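K.L.:
With the hints as extra help, turn the sequences into a complete structure.
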Amino acid sequence: MATYDFVFDGLGLRDWCDAGKTGEGLVSMADLLAKTGVIEESTIWNLPFPSLDQLNEACDSVAQSRDVTKGVEDGFLAAKDALRFVLDPLTQPLSWFLDGALLAFEAAPWWLMFPVLMAIVYYSSKSARLVVFVTICLAFLAFVDHYDHAMQTLAIIFVCALLCVLFGVPIGIAMSRSDRLQRMTIPVLDMLQTLPPFVYLIPLIFLFSVTEPKLYGIAIILYAIVPVIRLTDLGIRLVDKDVIEAADSFGMTDRQKLFGVQIPLALPNIMAGVNQTIMMSLAMVVIASLVSAPGLGVLVLRGIRNLELGVGLVSGLGIVLLAIILDRVTKAALDRVNAAQKH
Amino acid sequence: MAGNIKISIRNLYKIFGVDPKAALEHVLSGTSKADLLKEHRHVLGLKDINVDMREGQITVIMGLSGSGKSTLIRHLNRLIEPTAGEVWVDGEEVLAYDEARLRKLRREVMSMVFQKFALLPHRTVAENSGTTLKVRGVAKRIYLGEASKWLDRVGLHGYGDHYPHQLSGGMQQRVGIARALTSNSPIMLMDEAFSALDPLIRTDMQDLLLELQTELRKTIVFITHDLDEALKLADRLVILKDGYVVQQGEPQHILLNPNDPYIEDFVSDINRARVLRVRSIMIPLNDGGIPPGAHGEVSFDDTLESIIARSGGDTSHTYVVMRDGMAVGKLEMTSLVKALVPRVASESGARNY
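Line order of the protein sequences matches chains A and B. Here the first sequence is numbered in our numbering, starting from 60 and rising by one per residue. Here the second sequence is numbered in our numbering, starting from 1114 and rising by one per residue.
Note that these hints are calculated values from the structure, not bench results. Given the structure is predicted, the values throughout are model-derived calculations rather than measurements. Idealized CB from N, CA, C, for every residue including glycine. Possibly wrong hints are sitting among the right ones.
Said to hold, decoys possible - Short derived list, chain A residues pointing at chain B, Cβ under 10 angstroms:
hint : residue
1    : LEU297
2    : ALA305
3    : ASP307
4    : ALA392
5    : ASP394
6    : VAL396
7    : ALA399
P.N.:
Okay, structure coming up:
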């Protein structure tokens, strides 16, 4: 006898319940225990919560919890083909970008890549010290033969962070202009930010082939785009109201105001968002090695899978160095923007 | 030229709240500001404002905080839309303007100077100053040239390549003024432009404004909460209280004939000898005869302070008042002394707010 029999008896639903009995329902742990002769005494202290499984025991017409997860799965699989039909062509360019970037970063010889990277670092930070530091880090990575993997990781981050900024900044601007859009977008952003990174991968594996680069590209972009959207929205909303009023009083059009006042004044916040986005793409690109993303993450994964301690630690150090490089360079660029706009 | 009405505000009402139109009905039927807030939860910002501003004059709108003066000035270029009423500029109804026409007004007819300067921190002083021309699509070379001309004029020669944060408050506001002047608009709106500056700098800036004004003859609308500043600058003074006009007119006239305890209280703190001028208290000479026994000649526009210094405090003196080389009146020291005392002893009752 199940605990909640009285509910259905009391409501006069016994017939409906029995109609659901198929005789071949799934066997529960309690049933098995009952067969062995161990009967749990039901007291007020071990009163079970009226969950789906408990109610199912009392009434066979009620679904079991495993039916819920199965329903979700069936629903997703049913929608899969339609989703795939729409998303596959839409996201195809992402695969091309990633393939192209990986090819370019790998094909470029190291004696060409080093000066290019040094020039980029110098242009964005205007600091010779930082250039020396970055060069030493890269030289170390190359010295221990991790150069190729590091470049693969860098190529993926380059494409994904660029696309994050390309999509994130306009979305942030749109959010800052419409309170309704902001109210609708914020729960989505919260979800993207709190969803464990592994969970992104599960539905994507069903949608796309694991051999396609866009699979991890989408996962990285979804995970990393959040800060740049949030901080663009915040930055534009925080622009001094007096300056906006002045811009209005001189007869600026909305366009002039956006590009001449709001974006430049929000730039420190937007840059902080870009910094966060790059760091989050780096975090995700390691996890994405589970779904065939190349780079340093593959070595980390090898270290875990084969218990190769040295390989794991050295590639982990490589990721740390890459993270420090990216963080210092973007922070230096951010500081330059900040210095130019001191009040 | 001077004397034409440039800006005219007619029956202007502004009510803040969810349903201003409905609240306006209550105001028109006589609900007071306090009752409107208590019973209908709407704030009466401006109530039945009628002001004319003449071309080439400085009209000062004075009031304490919350009196609606900043709200009023923002109606002139429609940074705030009124609930009811009319605003006429150069004989055109500004409230009927569409967006493009309004933008043209803001770009070419009215420029504004702000209390907190509102400069763009990422642009140089010269670029800031040229903003008003840049928004019209003027080429950079031209607007920078124009900007540097006006920067020189406000005393910032050589600062064009600095950034605003490198300048002191007073200098930043000079950039604000240069920016408004660069637009070459006939009307300048100044919203508490000098209130954020310390007293000495403020005096400098007032002098600068008056000096520019003798040359440029712009129509200036100046907002302030400082009566000394108002009296120094104003050709015409409008005093606001709780969103309505308490008194408006020639500043000297208001000082000598306050029509409200509120204003009496205001003017009682003023150094009258420094503000009042001979022309306001002299006795006109109708027959043109010079009074016998005069102790000398004084100018029509001299302050009373300078006359006291000249007489050495002797109240028996009489002076002939000269204007453009003609004797136009006589000044008795006894009437001067009387004018120094506020008409009503306002300490007795008016100071209740």
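K.L.:
Each of the hints needs a verdict: does it hold here or not?
P.N.:
Results for each hint:
Violation of the interface hint for A/LEU297 is found here, the shortest Cβ-Cβ separation to chain B being roughly 13 angstroms, above the 10 angstroms cut-off. Proximity of A/ALA305 to chain B holds as hinted, the smallest CB-CB distance being about 4 angstroms (cut-off 10 angstroms). Checking A/ASP307 against chain B by beta carbon gives a least distance of about 6 angstroms; that is within 10 angstroms, so the hint holds. Because the beta carbon of A/ALA392 sits about 15 angstroms from the nearest beta carbon in chain B, more than 10 angstroms, this interface hint is broken.
With 10 angstroms as the threshold, the beta carbon of A/ASP394 stays out of range of chain B, its nearest partner Cβ sitting at about 15 angstroms, so the hint is violated. Among the interface hints, the one on A/VAL396 holds; its C-beta lies about 9 angstroms from the nearest C-beta in chain B, closer than the 10 angstroms criterion. Annotation: interface hint on A/ALA399 holds; nearest CB of chain B at approximately 6 angstroms, less than 10 angstroms.
In summary, the numbered hints that this structure violates are 1, 4, 5.
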